[in-house]
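J.: Order-wise, the sequence lines are chains H and S.
First residue of the first sequence: 0, per numbering that gives the first Met the number 0; consecutive thereafter.
First residue of the second sequence: 0, per numbering that gives the first Met the number 0; consecutive thereafter.
Hints in this document: simulated from the structure, not taken from any laboratory.
For every residue, glycine included, the Cβ atom is placed at its ideal position computed from N, Cα and C.
Be aware that one or more of the hints could be misleading.
Cβ-Cβ distance ranges computed for the label pairs, FRET-style [to be verified]: (1) P16(S) to D89(H): 20 to 30 Å; (2) F328(S) to P173(H): 38 to 48 Å; (3) P16(S) to R224(H): 37 to 47 Å; (4) D170(S) to A177(H): 21 to 31 Å; (5) P47(S) to P25(H): 48 to 58 Å; (6) V150(S) to D89(H): 30 to 40 Å; (7) D309(H) to D144(S): 38 to 48 Å; (8) A243(H) to P16(S): 35 to 45 Å; (9) L349(S) to D250(H): 56 to 66 Å; (10) G234(S) to A23(H): 40 to 50 Å; (11) N63(H) to D225(S): 49 to 59 Å; (12) G391(H) to V150(S): 11 to 21 Å.
Covered by chain S, according to a simulated footprint, are these stretches of chain H (three or more residues, beta-carbon under 8 Å) [as the list claims (entries may be wrong)]: (13) 50-58; (14) 67-81; (15) 100-108; (16) 178-192; (17) 280-288.
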Amino acid sequence: MSTATRQMHLAAHFPGVNNTTVWADPRSGSQIDFSSFEHLARTAERGRFDFFFLAEGLRLREHNGRIHDLDVLGRPESLTVLAALAAVTDRLGLAATVNATFNEPYELARRLATLDHLSEGRAAWNVVTSFDAFTGENFRRGGYLDRADRYTRAAEFVATARELWDTWTPDGTPRPFAHRGQHFAIEGEFTVPRSPQGHPVVIQAGDSPDGREFAASTADIVFTRHGTLESGRAFYADVKARLAKYGREPDQLKIMPGVTFVLGDSDAEAQERAAEIRRRQVSPQNALLALEQVWGRDLSAYDPDGPLPDIDPDPGSSLVQGRVRHGDPLAVAARWRALSEEKGLSIRQTVIETTGRQSFIGSPRTVAEQLTEFVAADAADGFILVPHLTPGGLDDFVDRVVPLLQERGVFRSEYGGPTLRSHLGLAEPVWKG
Amino acid sequence: MPATAPLHLAAEIGGPPRYDPGHYTGLARLAEHGALDFVTLGDSFARPGPDALAVLSRVAPATGRIGLVPTVTTTHTEPFHVASAVATLDWVSRGRAGWYVDVSTTGAEARLFGRRPAAPAGELWREAGDSAEVSARLWDSWEDDAEIRDVATGRFVDRDKLHYIDFEGADFSVRGPAIVPRPPQGHPVTVVDGTGGPARETAARHADVVLVRATTPEQAAAARTDLRRRAAAYGRDPDTLRVLVALTVDLGDAETAPEPGLESGPPLAAGGSYYRGGPVDLAELITRWHRGGAADGFHLTPISPGRDLERIVNGTVALLQHRSLFRTFYPGGTLREHLGLARPANRYALEGGRA
Numbered sequence: 000m001s002t003a004t005r006q007m008h009l010a011a012h013f014p015g016v017n018n019t020t021v022w023a024d025p026r027s028g029s030q031i032d033f034s035s036f037e038h039l040a041r042t043a044e045r046g047r048f049d050f051f052f053l054a055e056g057l058r059l060r061e062h063n064g065r066i067h068d069l070d071v072l073g074r075p076e077s078l079t080v081l082a083a084l085a086a087v088t089d090r091l092g093l094a095a096t097v098n099a100t101f102n103e104p105y106e107l108a109r110r111l112a113t114l115d116h117l118s119e120g121r122a123a124w125n126v127v128t129s130f131d132a133f134t135g136e137n138f139r140r141g142g143y144l145d146r147a148d149r150y151t152r153a154a155e156f157v158a159t160a161r162e163l164w165d166t167w168t169p170d171g172t173p174r175p176f177a178h179r180g181q182h183f184a185i186e187g188e189f190t191v192p193r194s195p196q197g198h199p200v201v202i203q204a205g206d207s208p209d210g211r212e213f214a215a216s217t218a219d220i221v222f223t224r225h226g227t228l229e230s231g232r233a234f235y236a237d238v239k240a241r242l243a244k245y246g247r248e249p250d251q252l253k254i255m256p257g258v259t260f261v262l263g264d265s266d267a268e269a270q271e272r273a274a275e276i277r278r279r280q281v282s283p284q285n286a287l288l289a290l291e292q293v294w295g296r297d298l299s300a301y302d303p304d305g306p307l308p309d310i311d312p313d314p315g316s317s318l319v320q321g322r323v324r325h326g327d328p329l330a331v332a333a334r335w336r337a338l339s340e341e342k343g344l345s346i347r348q349t350v351i352e353t354t355g356r357q358s359f360i361g362s363p364r365t366v367a368e369q370l371t372e373f374v375a376a377d378a379a380d381g382f383i384l385v386p387h388l389t390p391g392g393l394d395d396f397v398d399r400v401v402p403l404l405q406e407r408g409v410f411r412s413e414y415g416g417p418t419l420r421s422h423l424g425l426a427e428p429v430w431k432g
Numbered sequence: 000m001p002a003t004a005p006l007h008l009a010a011e012i013g014g015p016p017r018y019d020p021g022h023y024t025g026l027a028r029l030a031e032h033g034a035l036d037f038v039t040l041g042d043s044f045a046r047p048g049p050d051a052l053a054v055l056s057r058v059a060p061a062t063g064r065i066g067l068v069p070t071v072t073t074t075h076t077e078p079f080h081v082a083s084a085v086a087t088l089d090w091v092s093r094g095r096a097g098w099y100v101d102v103s104t105t106g107a108e109a110r111l112f113g114r115r116p117a118a119p120a121g122e123l124w125r126e127a128g129d130s131a132e133v134s135a136r137l138w139d140s141w142e143d144d145a146e147i148r149d150v151a152t153g154r155f156v157d158r159d160k161l162h163y164i165d166f167e168g169a170d171f172s173v174r175g176p177a178i179v180p181r182p183p184q185g186h187p188v189t190v191v192d193g194t195g196g197p198a199r200e201t202a203a204r205h206a207d208v209v210l211v212r213a214t215t216p217e218q219a220a221a222a223r224t225d226l227r228r229r230a231a232a233y234g235r236d237p238d239t240l241r242v243l244v245a246l247t248v249d250l251g252d253a254e255t256a257p258e259p260g261l262e263s264g265p266p267l268a269a270g271g272s273y274y275r276g277g278p279v280d281l282a283e284l285i286t287r288w289h290r291g292g293a294a295d296g297f298h299l300t301p302i303s304p305g306r307d308l309e310r311i312v313n314g315t316v317a318l319l320q321h322r323s324l325f326r327t328f329y330p331g332g333t334l335r336e337h338l339g340l341a342r343p344a345n346r347y348a349l350e351g352g353r354a
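Model the full assembly from the supplied sequences, consistent with the hints where possible.
T.: Now the structure itself:
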């Protein structure tokens, strides 16, 4: 069998609380009404997607000591809204991002097992960790978890959840459990029988060496940011190579980058649209804010249509709270300056040029080809698509790209089974009684 | 209470543990067919069963009017998560959510979490009150018109209408604001069993609906009077409190029973006083107590929901409707509207003088 017919997996990311999501578009709907979630989930199911994905926030982001007001803000609690979506979908997987730092294994394992029952085997959990005192201000646990403890606690958390999911025998008899570890010492009885998938699907998104190792040992899916062909292939090879030492086969872990897309009737029209979307994503205010996020300084006096600042970034800045910082700020600033000087770009133009480019741009045929090629080249097992519009941002993709993928034989035309594990081709975990 | 005060009815749909959503959806639809104010679904870490809030969220899109009130315990759950989940249930049900506050008193429950030992009920109910206070503040932490989508200035929200809640309690502190925008009802409905003990104080201070177990109308009336007095002492308008008599009901097989009435219940009837009789007898009892001013309504826990809820709806409720004592359809869309409770003003908007 040639690699051209390798099956891909597709997931739909509900548009996030960041500037990828364009709210100023007249077609932009509510980020909180249930109808928006229902529309996107039904669209994804119509397209025979593997799953629907929700991110999480536990504190509103701040910038320069004030709540960040330029991006879409406000979202529901993930597991609760997914339980409701289980009522309006039949096959679509339902993935919730839930923080392991600000939850306890017993309660979260119970909520996830409940969702798996209520959806008849469609639940997934994207495990994230957090260690900042900023988010901790909303929780009993409060402050600070040492960075080194993040993954040990998360790993023990997931292992404990799996122990709890295994406590009932497959024929439905509850048995007591006792777990004693570095982070958790708990015992008793779990209140939920083994769920339809055995264990809900586990997703992991860390990119550091620790994160990759954690994914290789524990996860069913890796949600990655490596959305270009070159970095995707490197990441894919690296993570898949780590599986053997845990006794796992390469196809037991699916690698799915989060990607954006823009469609047009022609490639040229799609490029024009993509540029227009980037301009909308990077408003003058957002351009200054992006600059401040790199520089770690108050740059509100600068003209977004003027040149980049001469002063250097403050690498130890706490200007930005509640947002993940990517990369070394000094290196990023140097790259931006070089680009600005080379092409004569303003602040806003530089930000648009460097941060806004969509992953896949073109006619439906072009995008279908690119996606297929990406998977055939071992850069991904599939994609988590991030639309820029709520709730209609996936409509065109499902109506125009999915049929082409199906024609090419690289994506399912019908669901083969009832559970998310069956969509992903993952076996039910062996019961460890 | 005037004799014409509206009657409120609610029913518990929990029973022996079930994990299939169709079971719960069927019961909630049945209760909705009877135009009941709300259904409750009990929950505890101490016995088998699914997460009740998730179950009622699963039920929400399959129902249109009935209020959905899961038990949510506050002893081992983060207050921030409680507020977010209940607010989300209100969003997915378009304004039909409540939460039935409870505490986890046992050492067995404490060992499931391993974070703290079991504590006395008084301490736990004070903490539950703090949790209710945090929820109410978080639900107010977004003003209704905080989202502005102002293209000219690039601002999605007016951050002056988002508020830190800065709650500092004996057991936890919460900074805020909420992640979830203010829910459709402003505040989802808070339900507390205020029969006695430390829970009554928490009920008087924080609850919209208080359940009381009583075996005589006089006992129920006395509890209602006491709760209204205590609520007033907290600066609340007592008319914003709905006191429902909690009865566990066994409707047997007949329309009427030879000796209907209340009896002291077996241990399993922890949800209220134990009523045994036929659906018609139950309608008589409800009519008598309600006309006498003993209660604003009733919360019924069928001993066997699959059997008894159908009898409550098609027998008891149908008779009450026939007598024009109970609504035959829902004039409103939200649980607060069913209960005749106003959508609360936002405390922070009031402070800012913009209400």
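J.: With reference to the structure, classify each hint as holding or not holding.
T.: Structure-based check of all given hints:
Taken as a hint, the range 20 to 30 Å holds for the pair P16(S) and D89(H), whose Cβ atoms sit roughly 24 Å apart. Between F328(S) and P173(H) the beta carbons are some 43 Å apart, a value that agrees with the proposed interval 38 to 48 Å. At roughly 42 Å, the beta carbons of P16(S) and R224(H) sit within the given window of 37 to 47 Å. Separated by about 27 Å at the C-beta atoms, D170(S) and A177(H) satisfy the suggested range of 21 to 31 Å.
For P47(S) and P25(H), the hinted distance range of 48 to 58 Å is satisfied, since their beta carbons lie about 50 Å from each other. Here the CB-CB span from V150(S) to D89(H) is close to 39 Å, well matched to the stated 30 to 40 Å. Judged by the Cβ atoms, the range 38 to 48 Å given for D309(H) and D144(S) holds: they are separated by roughly 41 Å. As the Cβ distance of A243(H) to P16(S) is approximately 42 Å, the hint placing it in 35 to 45 Å holds.
At roughly 59 Å, the beta-carbon separation of L349(S) and D250(H) lies within the given 56 to 66 Å, and the hint holds. Evaluation of the 40 to 50 Å hint for G234(S) and A23(H) yields a pass: the beta carbon distance comes to about 43 Å. The given range of 49 to 59 Å is respected by N63(H) and D225(S), whose C-beta atoms sit roughly 52 Å from each other. Distance hint check: the CB atoms of G391(H) and V150(S) are about 19 Å apart, consistent with the given range 11 to 21 Å.
With 3 residues having a Cβ less than 8 Å from any Cβ of chain S, the stretch 50-58 of chain H passes the three-residue criterion, so the hint holds. Counting residues of the stretch 67-81 of chain H whose CB lies closer than 8 Å to any CB of chain S gives 12, so the stated coverage by that chain holds, three being the minimum. Residue count for the stretch 100-108 of chain H with a Cβ under 8 Å from a Cβ of chain S: 5. That meets the three needed, and the coverage hint holds. Here the stretch 178-192 of chain H counts 9 residues with a CB under 8 Å from a CB of chain S, which clears the bar of 3, and the coverage holds.
With a cut-off of 8 Å between beta carbons, the stretch 280-288 of chain H has 4 residues touching chain S; three or more are needed, and the interface restraint holds.
In summary, the structure agrees with every hint in the numbered list given earlier.
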